[in-house]
Structures are given as structure tokens and as C-alpha cells.
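Visitor: Since the structure of chain R is provided, determine the placement of chain F on it from the hints.
Line order of the protein sequences matches chains R and F. Just so we're aligned: 238 in the working numbering is position 240 of the first sequence, and the numbers increase by one with no gaps anywhere. Just so we're aligned: 792 in the working numbering is position 238 of the second sequence, and the numbers increase by one with no gaps anywhere.
Any given hint could turn out to be false.
Stated by the list, open to error - Going by beta-carbon spacing under 8 Å, a handful of chain F positions derived as facing chain R:
#, residue
1, GLY610
2, GLY613
3, LEU615
4, PRO616
5, ASN647
6, PHE649
7, LYS655
8, PHE682
9, ASP847
10, LEU856
11, GLN860
As the list claims (entries may be wrong) - Derived Cβ-Cβ restraints for the label pairs, each shown as a range:
#, chain 1, residue 1, chain 2, residue 2, range
12, F, ASN601, R, GLU100, 45 to 53 Å
13, R, HIS236, F, GLY703, 45 to 53 Å
14, R, ASP427, F, PRO858, 35 to 43 Å
To be verified - In silico DSBU-like cross-links for lysine-lysine, where the CA-CA straight-line distance does not exceed 30 Å:
#, chain 1, residue 1, chain 2, residue 2
15, F, LYS565, F, LYS885
16, F, LYS738, F, LYS793
17, F, LYS646, F, LYS738
18, F, LYS1014, F, LYS922
19, F, LYS646, R, LYS390
20, R, LYS366, F, LYS646
No wet-lab data here; the hints were simulated from the structure. For each residue, glycine too, the CB sits at the ideal point set by N, CA and C.
Listed below are the residues making up each chain.
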Amino acid sequence: MSTANDLIHLPAADLAERLASGDVSSVEATQAHLDRIEAVDGDVHAYLHVAADAALERAAEVDRLRAEGDAGLGPLAGVPVAIKDVLCTLDMPSTAGSRILEGWVPPYDATVVRKLREAHLIPLGKTNMDEFAMGSSTEHSAYGPTRNPWDLDRIPGGSGGGSAAAVAAFEAPFALGSDTGGSIRQPAAVTGSVGVKPTYGGVSRYGAIALASSLDQVGPVSRTVLDSALLHDVIGGHDPRDSTSIPDTWPSMADAARAGRREGALDGMRIGVVKQLNGEGFQAGVTQRFTEALTMLEGAGAEIVEVDAPHFEYAIAAYYLILPAEASSNLAKFDSVRFGLRVNPAGGGTVEQVMAATREAGFGPEVKRRIILGTYALSAGYYDAYYGSAQKVRTLIQRDFDAAFGRVDVLVTPSAPTTAFRLGEKLDDPMAMYLNDLTTIPANLAGVPGIGLPIGLAPEDGLPVGIQFMAPARADARLYTVGAALEGILEDRWGGPLLSQAPELAVATAGGTN
Amino acid sequence: MAKPELMDFDKALELYEPVLGFEVHVELNTATKMFSDAPNFFGGEPNTNITPVDLGLPGSLPVVNEQAVRYSISLGLALGCSIAESSRFARKNYFYPDLAKNYQISQYDEPIAYRGSVDVELEDGRSFTIPIERAHMEEDAGKLTHVGGSTGRIQGAEYSLVDYNRAGVPLVEIVTDIIYGAEKDAPELAKAYVSTIRDIVIALGISDARMERGNLRCDANISLSPRGSGILGTRTETKNVNSLRSVERAIRYEIQRQAAILSAGGTITQETRHWHEDTGRTSAGRPKSDADDYRYFPEPDLLPVQPSAELIEELRAALPEAPALRRRRLKGEWGFTDLEFRDVVNSGLLNELAETVAAGAAPQAARKWWTGEIARLANAAGVDSSSLVTPQQVAELIELVEAGTLTDRLARQVLEGVIAGEGSPAEVVEKRGLAVVSDDTALLAAIDEALAAQPDVLAKIRDGKVQAAGAVIGAVMKAMRGQADAARVRELVLERAQ
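This is chain R alone, in the form it adopts within the complex (with noise of 0.2 Å):
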């Protein structure tokens, strides 16, 4: 028998095995993670929304299935998973961490989370997040910000905070995020976990809820590489209702990710650092750890080669353009004509007076923020200033991108210039904020993939440190290998992972010990 303390802190690769031997249920499995979200979610707040019923019913009809021998439940049948607030869900309420979508349950899943129930995976609840994905450090989510598990006074990084903590928090094994310039790779980065931005279109936005179309990708957030992988694979592939889902078929990432652990994995492998992300100006440990993580890399076989990439210094100008300027569109539906918030003026009103003080009560701030710069950023007269060069500058990233490719393998860089922040130190600084996606963005500018993953943490304040590798447009299996051998070196170094050095967390109730 196991004890719930070993259930949460298994890998989901690891605690699919246990589950297939039948040595744990997964109601045993799911009950450890909903214990567990009970003694430290008050604290961490990770989780809007936690579905203890449904997912010990859902438990409980995989033991069963188990138990009648179905030969069709697959991999990741019975492990417990969180998804972020941002995903449609039929059956719990989808707010997107905004006060306009308070307490609204969509009529369909999305797709990510239909397939998530087809591999009869067990949703535990909804994550926290920025509002509407705006934000770097999930203090712009309008139920309160969540918390870092390695020091509850700092963010856990945004927007996907709440799936970060919640998986680096150990409650749950791994998350579903989004990632529109950086929201899953950058609480990878500041909470030790891991995160990986799919190529775009490689997983569906069905059911997602739209921050910037072009710039909008589901992706994975776990402890391991492996785990990541598992997820993706089942996440991904077409999906029909999303026109710009590619129809390729993948190769297995969990594959990939296994590749990178046989010996011999990195030999010949060409890492491209690129010149303006090389770490130079930030955090000192944050420089420190990637400087040694390279060495790492190359002692392990593969060839570090420098890169220039002479656009990326505009992406985050190009970046704060394209995104409130669809944002601005794509947010134009919240107007409590047919879902969510209604807001009706003192002494009734026209229909325009109710949108209006709808979106004035239902919005927040940085919402309010983007939706003015992204309208204004349209306008006629300004849009080929505004809109229209940053497309511009958009295509030389890629252009970038494709020049970079074609003399390396991957490219590497920090995954964000500074480790986690404390809560409220940035929130009244929009540009601070904006800067911490400095070394994500561009993947996202030219939808190609990109993987977080913990290299250890800064010698200065002893927190998490992050490393992001990007790849080609489809060659997501490649980051895998690659994040999965330094993982393996990195693990050998530490004796084990990065979040088994992180600070035990008070636990709130007598929950979870059995």
C-alpha cells in the first residue's frame, strides 16, 4: 500500500503504472490530490473551482472499467488532472478568472477537455488565472491571486499561474494551460515545473477561450518532462472545428521524451543561443544557472552555437500590439446579451447603456487596459502605423526564426529574466509586468513550439530557475528529447527533482493521512 503522501508526489507517468497493476485505484489517487488541494489550497489558491464529486464518480467508474478488464482505457486511464479556468467545461463553471463569466457553465467542452475525458483522465477542477490570460503573475485574476508554493509572498507567474502551483504544489500530478506570450512556460519557470507551448494549430483551440486567435495555443504543465509529453499526446492532433488546427498526424511525444533519456541523446545536437536572449542583463542567477545549463548541454554532446536574431528585440512592442488588438475583437462578445454578467443601470436603460456597464462592472483593469489599446491600435488612420507593423515585424521574426533553424537544431534561451517576483511588486507597473515575457513571446509571434523546464534554483533568493527551448513549426518531439536529457543530467546532479527541495507547505486541515 501506498500512503497519499507518495500518491501526490508521483510522477503521472508513474502513477498511470501503478494504476495499470491495479497496485492503486484511482479513486485512492484521486482522493489523495482532492486531501491534498484541501490542507494547502487555502493558502496557495490555485484552484476557482475543485469538482471533488464528479471526479471521485468519474475515479470510481475507471476502477470499475479496470476491474471488468477494458482493453480500451488508455495510457493516463485514472490519473487525476487540473485544467485551466480559460478551458470550456460542461460541467463546471468556465470564467476565464474573469467577474463577467462568474459562475457560467458552457454548454460543450472544449476539445481538449472532451479528450481528456475519452482517455478517461479524472478533471479535479478549474486553475486560477490572470483574467481573460491577461497577466504575468495571476494577481490580475478577479478571485484573488494565487500564491507561489516555494514562498507564499510570490507569484507563481501568470497567466497560468494556478495550474503551475497547483501541479508544484502537488495538487495534481499534471494541468492543461494556455499559452498566448509566455502564460504556460513562465510559471513553469518561476514554480520549478515544467511547460511546454505547442506548435500552433499542433493542439485544438475549441473551447478555449479566446485571448489572441494568432497567438493562442493549449499546452501542458507538469513535474516531468515525460509528463508533459503524456498530455500532449493525448491533447493534440486535428481537430475539425478549428480551421487553423493543423491535419498532420504527430509522432509520439512520450516517445520523444523517452529518447531523451537513452545515452547519447544530445551527440551531435546543434543548440543555438540567440544573442539578444543570452541572459545577458538579467537576474544574476538566473544568468548563472543558464550559463551553467548550456555547459551541461554541451558535456552531454551537443554543439552551442551563437545566434542572431536581430527582430526579437521588437516582439514585445509587435507582441503588445497584435494581442490587445484581437483581444479588443475577440472580448466584444461579453456584453450580457446571451451569457454571463448583466449589469442594468440605475432606472433601466438602452441596450448600449447595459453592454456598457456590464463590461464597466465585469472587466478589470488590465482588461479595461488592453481593450482601449487594442481598439485604438485598430482604428482607421492608425491601423498600418500600429496594427500593420507589427505584423510587419511579426513576419522578420519568423524570417528570424527560419535563419536561426537553418544552422541549429534548437534554440535556447532563459525562460524568463528573473525569478518569481512578490506579489504586488509589479501590479501597478504594466510595462514591468509586460517584460517578464520578453524571452517567450517571439515562439508565439511565429507559432513555433517552445518547452520550459527547471535548471535549478538562484543562488540569491533560492528560488526556481527556468531554461526554454523552441524548435521548428512541428517539431514539438524534439524539445521533448532534448528537455527530457538535461532533466536527466540535472536530476542525476540534484538526486532527484528540482520540487523535492521545495519548502513543505503548512497543511490546513487533517486531511489526507490515511
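Guide: Below, chain F without anything else, positioned relative to chain R:
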């Protein structure tokens, strides 16, 4: 509202040159909507033919209807347009409750079809070439019902209901270039143009094209240029023009209205105008400025539409006969005189006639019914003839006359029954008991009675004054309440005289 001043039409034309432009919206009759798999069926219980996509629910995404793309290409080709190798959808952003997403997905700077022309014929047989700027794909909006006001319009209403069944219905918008040189033919040309578009989409089978149902909608732009000035006037855009007749009337009205204002030293407001079928006037809608800012940008949820050259050629090869060529062919086949044929075309009844002939009726009989009695009834009711009866019903009616079951007079009564919704012609005959009395015994009884009342008639006939039979025939027809074949009655009367 004071009756607006109108200038005499001919006088207006002396002073100003009318400049035209049309935007015709065609609802495609695809099985599903433009961007969702909801049934493309407007009507029925409100908000039943909808999916999360049509409601613009968070997370939903559009997917382009391939059939709608094929239809749009066919229409573009029929309008002589080039088909874009790559065309794109854009978002037209504005807040309105019938627009679920608060943006309309429409093609903007990259339409699927561009630069074409269409030849239209005027009543006197002259042909006029209308330049086509573009034809592009877009989605329809939902329908608002304003409740609580007296007019059914938004002003004064207490609240409004939204039906999204129509939201997402596929549309093609056909936009003409500026049309110069129509002169006094402008009203007629407008009608002929819309009629030609209707003929084309019906021939292609891509739309039900019923104007009264909104399948085909025409926004008519018109401005007046002072003679000799070379300056374009300010235009108005007249909407809610729901029949071919209205198109013609609305253009004529706007020319007269604008001319009166301009000649009095006034200025035309750039605005939409709402056509009122009942009063035959237009009224001011919303101001429309060229600076309306819809913040168009490429729709990021959709890929460019890139039809293969093979598909385009396949659709080109499958195009039906062009309406002008078809007209020439049908005129020959039917053996109509120029005047007869033009009468049919000008009544906008060519398709009805063709279908009636296809259903078995003789061309002349079909022409007589459509341009005669049916047109008269339609005119009286202020509707298009095609909305009253179907070609199949007319063919059936004609067949009943040919077979001697009905006289023309009876057939007109049957037609009224059919229009009143009493069933097919045969059913109306049955229900109303209108069949011709073909039982000679009954006719002879009536004849004998009439002869007894007019004893001198037989003698006159025997003296060779055959026309004297007329009085008896009239009496018999009256006695039979018209339900007798006059020719047969005449035969029988003459037999009696022998």
C-alpha cells in the same frame, strides 16, 4: 410628417444626372450555415437552429462552409468576375445585439470574386452593361423584434427580442461599381439589374431568391450630379426594398426627392433611407459616413480561402446558360413575338413561365395566365406574382382548361381559390364544385327551357341567322352559372335547329 417635396421626374433629369450603385445580398441555400453546422433554416421557433458558434459563445470557433465557397465561386463566375487565388475573411467590428460576436465575419479587402460585369436588358430591348466591383462572402445577423412600441421599430419600444436562427446564414454581397449613364432609365435599370441577379442565382440553384422573404436584398445607392458640373453628389443608400417593383419605385422616388432638395439650394445628407412600400416613400435611417470605423482586420480564426484552379474550372464548366442567351433561346422555342416576349421579361416572369412550360403547359397559355390574370391579382395585392402561385399550379390549371374541365371564367375562380390557399387547382374544382357541366342531358334541358322562352330564335337560325343563337347561349350559360362550355352549348343549340 409633412409630405416631402418631389420634383417632376423629367424635370429632375433635365437638371441632374442620376448616379447609381447597388449592393445586392444573396442568401445562399446551403444545408448548413456559413461558419457552423447549424441548419441553414430561418423561421420556426426562435433560437432553435443555433450552435455555440452562432451564439458567439466563449471558446467557439468558425469553420468555413465549403459548399458556400463553391456557390460563391459559381456566382462570381456567372458575374464574369475573376476568382481570387487567395481571399480572406476579416472582422467587421461593431456592437449590435443581433450580432452575436459583436463583429461580423465578412470579406473586406480580399474578396473571393472581383471585377466583372453583367448585361441587363431594358423593356425596349436595349442592353446595358453593369460593372461589378466585387462579390464577397459574409454571414447574416440575427433578427430583432422590438416589443412595446406602436411602429414595431426600435423607437418607442420597451424591449427587444433576438432570434439568432438567421445568425450565420451564408450571404454573398454583390457590389457594383459606380454606374453612370442610366439617365431616365435609372429606375427601370435598377429593376432590370436586380431581376437579372435573381435570374442568375436561380439558374445556379444557389438561393431561393425570394425577395419578399429577404433571400435577395437590394441596397440602392443613388446620388445626383448637377448637369455639366462633373461633380458627384452626396449619395443615399435605400434599404428595405423587398420587391422588383419597389426597386424601381424607390429609385424614382429618391431622384425626385433629392432633385427637389438640391434645386431648392439644400444639401443631401449621407444616410441610409428606409423604403416604405405602403406610402411609396423613403424615410431617414441612420447617418452613414465614409468614416464609419469598423476596425476591420484579418479574421485570425480562419485560414485564407484558396480554391484550386481545378475547382474553379470545374465550376466554370458547370455554369448554366447565361440569362441573356437563355432568353434568346426560349423566345425561339416558344415562338413569341418580340412584344409578347418582352412583356414576359419585363414582368419578371420568365422563370415562372419557363417552369410552367416545363410542367407541361402550352407557352401561349402560360404567358396569357402569368401576364394576365395572375399579374392583375399580384398588382392589386402589391406583391410579386411568384409569391401567389407556383408554376406547377398554373400548369395544372391550364391543363384543366385544355381538357375542357374548366372554362376560362371558371379557371379564374379556381385561381382565386388556389391563391386563397384552398389547395391545388383540382382540389379547388372539387371543393367549390366548379367543373364545367359536360352532361349533355343537363345542357339540353337548359337549352330547351331557353328556347321555350325565346320561341323565335329557332326560326331565325333556320333562316340562316346563326348569330341569333347567341341569345340562347347566353341564357344557358347564365342558367348553368357559367359552368358550361359555351362552344358545346352552341353546337347543341344548332343541332336543335336542324
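Visitor: Indicate, hint by hint, whether the structure satisfies it.
Guide: Hints, one by one, checked against the model:
1. Because the closest C-beta pair between GLY610 of chain F and chain R is about 5 Å apart, less than 8 Å, the hint holds.
2. With 8 Å as the threshold, the beta carbon of GLY613 of chain F comes within range of chain R, its nearest partner Cβ sitting at about 4 Å, so the hint holds.
3. Annotation: LEU615 of chain F was flagged as interfacial toward chain R, and the flag holds, the nearest CB pair being 5 Å apart, inside 8 Å.
4. Of the supplied interface hints, the one on PRO616 of chain F holds, with its beta-carbon coming within about 7 Å of a beta-carbon of chain R, less than 8 Å.
5. Because the closest C-beta pair between ASN647 of chain F and chain R is about 5 Å apart, less than 8 Å, the hint holds.
6. Restraint check, PHE649 of chain F versus chain R: the minimum CB separation of about 6 Å is within 8 Å; hint holds.
7. For LYS655 of chain F, the interface hint holds, since its Cβ comes within 8 Å of a Cβ in chain R; the closest pair sits about 5 Å apart.
8. The interface hint given for PHE682 of chain F is violated, since its Cβ lies 35 Å from the closest Cβ of chain R, which is over the 8 Å cut-off.
9. Evaluation of the ASP847 of chain F hint against chain R yields a held restraint, the C-beta minimum of about 5 Å falling below 8 Å.
10. This hint holds: LEU856 of chain F has a C-beta 5 Å from the nearest C-beta of chain R, less than the 8 Å allowed.
11. Evaluation of the GLN860 of chain F hint against chain R yields a violated restraint, the C-beta minimum of about 13 Å exceeding 8 Å.
12. For the pair ASN601 of chain F and GLU100 of chain R, the supplied restraint of 45 to 53 Å is violated, since their beta-carbon distance comes to about 23 Å.
13. Checking the proposed 45 to 53 Å range against HIS236 of chain R and GLY703 of chain F shows it holds: the Cβ atoms sit about 50 Å from each other.
14. One distance hint, 35 to 43 Å for the beta-carbon pair ASP427 of chain R and PRO858 of chain F, holds here, with the actual separation near 40 Å.
15. A distance of roughly 37 Å separates the Cα atoms of LYS565 of chain F and LYS885 of chain F; the hinted pair therefore is violated under the 30 Å criterion.
16. Using a Cα cut-off of 30 Å, the hinted pair LYS738 of chain F and LYS793 of chain F holds, with the two alpha carbons roughly 21 Å apart.
17. With a C-alpha separation of about 36 Å, the suggested pairing of LYS646 of chain F with LYS738 of chain F is violated against the 30 Å cut-off.
18. Between LYS1014 of chain F and LYS922 of chain F the alpha-carbon distance is near 36 Å, which puts this suggested pair outside the 30 Å criterion.
19. A C-alpha spacing of about 22 Å is found between LYS646 of chain F and LYS390 of chain R, which places the hinted pair at or below 30 Å, so the restraint holds.
20. Proposed proximity of LYS366 of chain R and LYS646 of chain F is supported: the alpha carbons are some 20 Å apart, at most 30 Å.
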